[in-house]
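Protein chains in written order, with the working numbering: chain A, 3 to 338; chain B, 3 to 338.
Certain hints may be false.
Note that the list lumps identical chains together, so a pair holds whenever it fits in one copy or between two copies.
To be verified - Derived DSSO-like pairs (lysine-lysine); straight-line CA-CA distance at most 27 Å:
| # | residue 1 | residue 2 |
| --- | --- | --- |
| 1 | Lys-53 | Lys-32 |
| 2 | Lys-213 | Lys-307 |
| 3 | Lys-53 | Lys-22 |
| 4 | Lys-124 | Lys-328 |
By construction, these hints were calculated from the structure, which means they are not laboratory data.
Here are the chains, one letter per residue:
2 protein chains.
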Amino acid sequence: MNVITLAHGAGGKETERIIKSLFLNYRIRKVNSGIGLDAFDDGSTIPFGGKHVVVSSDSYTVDPVFFPGGNIGKLAAVGSINDVAVMGAIPIAALDNIVVEEGFSYNQLREIVNSMLEVFEKENIALLGGDFKVMPRGKIDKIVISTTVIGIADSIITDSGARPGDYVIVSGTVGDHGAVITAIQSGIEAEIGDLKSDCAPVTRIIQIAKKIGEIHAAKDITRGGLAMALNEIAEKSRVSMIIEEEMIPLKEEVIGLSELLGIDPLILASEGKVVLIVDRERAEEVVKSLRREGFNEASIIGEVKEGKPGFVILRSSFGGLRLLDKPIGEITPRIC
Amino acid sequence: MNVITLAHGAGGKETERIIKSLFLNYRIRKVNSGIGLDAFDDGSTIPFGGKHVVVSSDSYTVDPVFFPGGNIGKLAAVGSINDVAVMGAIPIAALDNIVVEEGFSYNQLREIVNSMLEVFEKENIALLGGDFKVMPRGKIDKIVISTTVIGIADSIITDSGARPGDYVIVSGTVGDHGAVITAIQSGIEAEIGDLKSDCAPVTRIIQIAKKIGEIHAAKDITRGGLAMALNEIAEKSRVSMIIEEEMIPLKEEVIGLSELLGIDPLILASEGKVVLIVDRERAEEVVKSLRREGFNEASIIGEVKEGKPGFVILRSSFGGLRLLDKPIGEITPRIC
Numbered sequence: 003m004n005v006i007t008l009a010h011g012a013g014g015k016e017t018e019r020i021i022k023s024l025f026l027n028y029r030i031r032k033v034n035s036g037i038g039l040d041a042f043d044d045g046s047t048i049p050f051g052g053k054h055v056v057v058s059s060d061s062y063t064v065d066p067v068f069f070p071g072g073n074i075g076k077l078a079a080v081g082s083i084n085d086v087a088v089m090g091a092i093p094i095a096a097l098d099n100i101v102v103e104e105g106f107s108y109n110q111l112r113e114i115v116n117s118m119l120e121v122f123e124k125e126n127i128a129l130l131g132g133d134f135k136v137m138p139r140g141k142i143d144k145i146v147i148s149t150t151v152i153g154i155a156d157s158i159i160t161d162s163g164a165r166p167g168d169y170v171i172v173s174g175t176v177g178d179h180g181a182v183i184t185a186i187q188s189g190i191e192a193e194i195g196d197l198k199s200d201c202a203p204v205t206r207i208i209q210i211a212k213k214i215g216e217i218h219a220a221k222d223i224t225r226g227g228l229a230m231a232l233n234e235i236a237e238k239s240r241v242s243m244i245i246e247e248e249m250i251p252l253k254e255e256v257i258g259l260s261e262l263l264g265i266d267p268l269i270l271a272s273e274g275k276v277v278l279i280v281d282r283e284r285a286e287e288v289v290k291s292l293r294r295e296g297f298n299e300a301s302i303i304g305e306v307k308e309g310k311p312g313f314v315i316l317r318s319s320f321g322g323l324r325l326l327d328k329p330i331g332e333i334t335p336r337i338c
Numbered sequence: 003m004n005v006i007t008l009a010h011g012a013g014g015k016e017t018e019r020i021i022k023s024l025f026l027n028y029r030i031r032k033v034n035s036g037i038g039l040d041a042f043d044d045g046s047t048i049p050f051g052g053k054h055v056v057v058s059s060d061s062y063t064v065d066p067v068f069f070p071g072g073n074i075g076k077l078a079a080v081g082s083i084n085d086v087a088v089m090g091a092i093p094i095a096a097l098d099n100i101v102v103e104e105g106f107s108y109n110q111l112r113e114i115v116n117s118m119l120e121v122f123e124k125e126n127i128a129l130l131g132g133d134f135k136v137m138p139r140g141k142i143d144k145i146v147i148s149t150t151v152i153g154i155a156d157s158i159i160t161d162s163g164a165r166p167g168d169y170v171i172v173s174g175t176v177g178d179h180g181a182v183i184t185a186i187q188s189g190i191e192a193e194i195g196d197l198k199s200d201c202a203p204v205t206r207i208i209q210i211a212k213k214i215g216e217i218h219a220a221k222d223i224t225r226g227g228l229a230m231a232l233n234e235i236a237e238k239s240r241v242s243m244i245i246e247e248e249m250i251p252l253k254e255e256v257i258g259l260s261e262l263l264g265i266d267p268l269i270l271a272s273e274g275k276v277v278l279i280v281d282r283e284r285a286e287e288v289v290k291s292l293r294r295e296g297f298n299e300a301s302i303i304g305e306v307k308e309g310k311p312g313f314v315i316l317r318s319s320f321g322g323l324r325l326l327d328k329p330i331g332e333i334t335p336r337i338c
């Protein structure tokens with residue numbers, strides 16, 4: 003490894019590899035019995051006062067800054083909220099750091115910030131502070147936003163608790179956000195039609211499912227798409243999965259754009275959807291509850307199996323099996 | 003305001019103005035009785051389990067990335083630690099988000115990350131997680147790092163508790179970091195000599211002072227330098243200050259570089275020094291303790307006065323008085 007490549011930031015295998023090479027010799031990886039660096043989970047936890055303080059921080063570099071269904075401000079709020087929400091926490095506070103290019107339009111900045119604040123307000127999240135920096139013209143492409151979200155949980159959901167026999171649920175159609183951004187980056191925005199990024203907080207989804215019973219594992223579907231989310235859960239839980247391809251909810255437009263782009267829709271980010279792993283006895287009820295609450299495309303898509311830890315198998319409607327691996331390479335740079 | 007200028011990010015009056023215009027209509031500004039957006043303090047607090055969770059998050063864009071005394075990784079660790087430490091908390095955990103330019107050297111990145119981790123390790127801070135993104139070549143200048151630091155405090159120190167009669171202490175020489183960075187940016191690095199950035203954690207300084215007795219106000223000296231730190235304390239505490247110019251510890255090299263650059267050294271960032279406001283009865287003892295522990299330049303530099311809230315007056319050795327105002331304009335872009 004001599005220089006950093008776009009693949010290192012794409013959220014797939016190369017990202018895992020560089021993060022491990024940079025950070026895994028660091029000695030202090032968690033606070034007491036909390037979840038920290040080793041877990042590579044969506045958020046981290048600090049046990050405190052009989053509860054869990056859950057925290058996540060991400061930087062958002064999405065290009066374009068404005069896109070159908072949102073902008074970088076909305077995405078920066080949603081992305082960090084979701085990493086805290088899938089840990090089972092209720093987000094209560096946020097901080098934001100904005101780094102913007104000299105000469106950027108004040109009105110556009112205001113629109114971006116307002117979109118971010120609108121998400122925080124709807125979720126009843128306090129904005130506690132942050133940072134504001136300007137880089138000279140040409141030294142940064144428009145704007146980068148980092149958000150940190152803090153939540154409180156009575157009990158924690160990890161991405162490593164899937165058990166053989168459990169069912170795999172997705173909360174809605176996958177790949178919408180990734181299809182929109184990739185299409186724009188590839189210069190085929192004319193083909194997007196009415197498709198929008200699905201970026202939205204998933205806090206309600208998790209809380210609805212939690213009411214039915216324990217969630218064994220949860221993960222939001224971001225860089226690397228459904229493929230990455232399922233692989234991480236399977237690997238960390240030391241189980242395999244059989245996923246029924248025809249059960250995966252996909253919008254017609256996402257299928258169409260994926261074909262045009264020559265990309266598997268299952269590696270496209272969603273930013274408003276989650277994978278839930280629950281006891282098979284409760285899976286139907288979780289899906290029903292989600293649909294009743296407006297998540298109409300929530301679906302059981304497969305089953306957790308024993309053996310072959312880390313393998314995710316996709317079964318087509320004709321019965322053919324193929325391995326659904328972690329994505330490799332660039333995928334789409336600056337997807338989130 | 004049509005477009006964003008470098009002055010908006012310089013940490014002076016224009017930064018205050020734009021942050022207020024963007025964020026001050028937001029409704030949810032704190033968690034319960036904690037310190038949040040309104041306070042514009044160094045860190046924020048969440049009351050929890052009978053204690054205070056203290057959190058701060060900043061983005062670091064310093065140019066050059068490597069400089070005498072440190073690099074962007076060390077600075078990113080130190081900067082966010084210091085914002086938590088001056089609130090009276092012991093930092094316990096951190097998250098880091100790295101956004102790096104495609105083509106950046108892996109070895110340099112490793113050196114930067116190692117410098118950051120070295121600071122965290124010395125301070126016994128757990129690294130819980132973070133983010134790693136790559137932007138295409140030319141879309142970001144080398145590297146931007148955002149760090150979030152979380153600490154726990156039994157009691158909180160603000161920047162608004164200065165009382166008339168209190169003494170003003172600085173923990174060491176001011177302006178070192180700012181002088182080094184500005185000299186390099188101005189192309190006069192040959193003049194820097196042995197001067198180094200003073201970037202270092204201030205946790206010990208605060209804890210040493212705390213042992214002597216209550217600290218009425220504290221602030222680290224970052225963008226806008228000593229001038230900004232004193233003005234913010236005076237303004238928020240609704241008091242004035244008289245500062246004795248000759249008592250301010252300044253390195254010869256900083257004075258020399260400031261003259262060459264035509265900049266007041268009192269607006270240059272320090273990144274390893276703090277202002278402490280303490281009861282006059284205890285001020286001598288605080289300074290003695292600090293010197294005993296190796297902070298040899300710690301000094302009483304002035305006194306808090308009643309009336310004229312927000313005014314900071316500098317008295318020269320000849321008795322002349324001048325107003326030490328908040329800095330205006332660009333100062334040095336990308337100082338931290």
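Right, here's what the structure says about each hint:
Taking the shortest alpha-carbon separations for Lys-53 and Lys-32, both the intra-copy value of 16 Å and the inter-copy value of 20 Å come in at or below 27 Å. Only within a single protomer do Lys-213 and Lys-307 lie at most 27 Å apart by alpha-carbon distance; the minimum there is 25 Å, versus 58 Å between protomers. Taking CA atoms no more than 27 Å apart as the test, Lys-53 paired with Lys-22 passes in neither setting, with 29 Å inside one copy and 34 Å between copies. For a Cα distance limit of 27 Å, the shortest separation of Lys-124 from Lys-328 qualifies neither inside one copy, at 34 Å, nor across copies, at 36 Å.
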